[in-house]
Amino acid sequence: MAKSDTKKMTASKRPEDPGRRDFIVIATNAMAGLGAVAVAWPLIDQMNPAADTLALANIEVDVSKIAEGQSITVKWRGKPVFIRHRTEDEIARASATDMSDLRDPESDQARAEKPDYLVLVGVCTHLGCVPLGQKTGEVRGDYDGWFCPCHGSHYDTSGRIRKGPAPTNLEVPPYTFLSDSVIRIG
Amino acid sequence: MSAEKFQNPVVRWIDHRLPVFSMLDHEKYDYPVPKNLNYMWNFGVLAGLSLAIMIITGIVLAMSYTAHVDYAFDAVERIMRDVNHGWMIRYIHMNAASFFFVVVYIHIFRGLYYGSYKAPRELLWILGVVIFLLMMATAFMGYVLPWGQMSFWGATVITNLFSAIPVVGDSIVTLLWGGFSVDNPTLNRFFSLHYLMPFVIAGVVVLHIIALHRFGSNNPIGIDASGPQDTISFHPYYTMKDMVGIAVFLLLLAMAVFFFPNAMGHPDNYIPANPLQTPAHIVPEWYFLPFYAILRAVPDKLGGVLLMFGAIAVLFVLPWLDRSPVRSARFRPLFRIFFWLLLIDAVVLGYLGGKPADGIYVVLSRIATAWYFLHFLVILPLLSVFETTKPLPKSISEPVLGASKGAA
Numbered sequence: 001m002a003k004s005d006t007k008k009m010t011a012s013k014r015p016e017d018p019g020r021r022d023f024i025v026i027a028t029n030a031m032a033g034l035g036a037v038a039v040a041w042p043l044i045d046q047m048n049p050a051a052d053t054l055a056l057a058n059i060e061v062d063v064s065k066i067a068e069g070q071s072i073t074v075k076w077r078g079k080p081v082f083i084r085h086r087t088e089d090e091i092a093r094a095s096a097t098d099m100s101d102l103r104d105p106e107s108d109q110a111r112a113e114k115p116d117y118l119v120l121v122g123v124c125t126h127l128g129c130v131p132l133g134q135k136t137g138e139v140r141g142d143y144d145g146w147f148c149p150c151h152g153s154h155y156d157t158s159g160r161i162r163k164g165p166a167p168t169n170l171e172v173p174p175y176t177f178l179s180d181s182v183i184r185i186g
Numbered sequence: 001m002s003a004e005k006f007q008n009p010v011v012r013w014i015d016h017r018l019p020v021f022s023m024l025d026h027e028k029y030d031y032p033v034p035k036n037l038n039y040m041w042n043f044g045v046l047a048g049l050s051l052a053i054m055i056i057t058g059i060v061l062a063m064s065y066t067a068h069v070d071y072a073f074d075a076v077e078r079i080m081r082d083v084n085h086g087w088m089i090r091y092i093h094m095n096a097a098s099f100f101f102v103v104v105y106i107h108i109f110r111g112l113y114y115g116s117y118k119a120p121r122e123l124l125w126i127l128g129v130v131i132f133l134l135m136m137a138t139a140f141m142g143y144v145l146p147w148g149q150m151s152f153w154g155a156t157v158i159t160n161l162f163s164a165i166p167v168v169g170d171s172i173v174t175l176l177w178g179g180f181s182v183d184n185p186t187l188n189r190f191f192s193l194h195y196l197m198p199f200v201i202a203g204v205v206v207l208h209i210i211a212l213h214r215f216g217s218n219n220p221i222g223i224d225a226s227g228p229q230d231t232i233s234f235h236p237y238y239t240m241k242d243m244v245g246i247a248v249f250l251l252l253l254a255m256a257v258f259f260f261p262n263a264m265g266h267p268d269n270y271i272p273a274n275p276l277q278t279p280a281h282i283v284p285e286w287y288f289l290p291f292y293a294i295l296r297a298v299p300d301k302l303g304g305v306l307l308m309f310g311a312i313a314v315l316f317v318l319p320w321l322d323r324s325p326v327r328s329a330r331f332r333p334l335f336r337i338f339f340w341l342l343l344i345d346a347v348v349l350g351y352l353g354g355k356p357a358d359g360i361y362v363v364l365s366r367i368a369t370a371w372y373f374l375h376f377l378v379i380l381p382l383l384s385v386f387e388t389t390k391p392l393p394k395s396i397s398e399p400v401l402g403a404s405k406g407a408a
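Line order of the protein sequences matches chains P and U.
Each residue of the first sequence is one higher than the last, beginning at 1 in this note's numbering.
Each residue of the second sequence is one higher than the last, beginning at 1 in this note's numbering.
By construction, these hints were calculated from the structure, which means they are not laboratory data.
Do not rely on the hints blindly, as some may be mistaken.
[Claimed, not checked] Only pairs whose alpha carbons sit at most 20 Å apart, straight line, appear in this in silico SDA-like list of lysine to any residue:
1) Lys241(U) / Ile26(P)
2) Lys28(U) / Val25(P)
3) Lys241(U) / Met31(P)
4) Lys163(P) / Asp104(P)
Turn these sequences into a full structure, and let the hints steer you where they fit.
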């Protein structure tokens, strides 16, 4: 090693340069490391959603059949999506709420493209249970929206968290109105 | 062996309580390996690598596979088209299976040529044959999983082999099927066992290696190392030599996977299984063809099955059929000729196994089958008695360094 170091030093100006053999060993190991990562990546990435899963990632829903005051639940990406046709009173209460009362401040206008229809991912933001309040007669919580039975989170008529352990409002999925009565979620 | 040999204090702390590093160190540096091993000795490591590749890609494939007759074929097609990198992972699994057999066949013939099965390595050899049998069972069941035409009819034909057993044969076949034909219960249990067997193989591989390290590797000369001057440490000498073989192996595997992924498969397996229609010409995977040829060479159901299994069974008793005290074929002029004849015979059997079972092919299959058994059961025992072997060198070093130094 000493011999090759001396040789190396004459060839290079910097005396702290590692010997040629060290360089080869480090470069080889680095290449082997890169190769290992390149091999590992496809094996890990195969666990991500497959093309057919992604292709099914949006749905279309006809909302004209939902009577005022009623809700439906549809399945989107394996999760429940709540669509509520809200009453005038519910809309009024949701938009009248003072922002300072909210844990995760968001206006009702920002959450519902058309105020009549509220579209939410029906998964509690605490630990993923499905809140109650979709069916007539179910507990709707203190704010007349939804109530999660798992750990007692209360959501208001805009799906915003008002009381309980959940940190954020019920998520609004990306959606667009294809016509007055049909929305596409996703 | 003392803990002081490790610089890293964490390694030293662990090794004092759990001496895994000492064990590795022992295998790497203290394990003496004959210094004259040629590239034929790469194939054990390559077989281990193949097993690792098969297990890793297999676990990954199982994440997207469904073992049900209605979904299996589509699940595999989904892996090929939709799952991220699924096509590559499946092609690696398919082709690495073939490469595994290539490597193992070379490994076996290496053992045959250099007499690696002889005392004191008989158990090492027998464990190897056990691994070979387990590999065949695993490969067969894996081939059934895509539930294509070849999967289904391969499963039907192979399971029906057991119906040749007198009296209880049919009951055994019904037991294997879990029904009255190859169907959903069969597919389910094959998947279960296909997942289990590689780990059983890995267990036997550990025994194989323990047995190997008892007396160390055989070598091209076939005489025992006479002392430290005949051996070198495994690391870095043979780790580096193995790396060369691994590089070539992976290069060839990548070539098969990316350019000829279906070359070793059969197109009929891309047709979904149809229990009402047998393909016109049904063949097993190429690595079973020699045994398939033996099966078809015999015009009797039970006889064919017995001979086919006998072709492997004979390997178990090989250490006692070949009684010649000289291991390596280098010093056995007659044995060497017969070795090459056996290799040609095995290739010919493989070729015949892929041909239709009529006309000249049947006749040739019978001749080749007869020669296979003749070699093991008659020629080897006779050679042990009548062959005049060449004089053996006194040590591994002698042929290279000359008698005076080698004897020292």
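Going down the list of hints, with the structure as the test:
1. Lys241(U) / Ile26(P): With Cα atoms ~19 Å apart, Lys241(U) and Ile26(P) stay inside 20 Å; holds.
2. Lys28(U) / Val25(P): Status holds; Cα separation ~18 Å.
3. Lys241(U) / Met31(P): holds, 18 Å
4. Lys163(P) / Asp104(P): It holds: about 11 Å lies between the C-alpha atoms, which stays within 20 Å.
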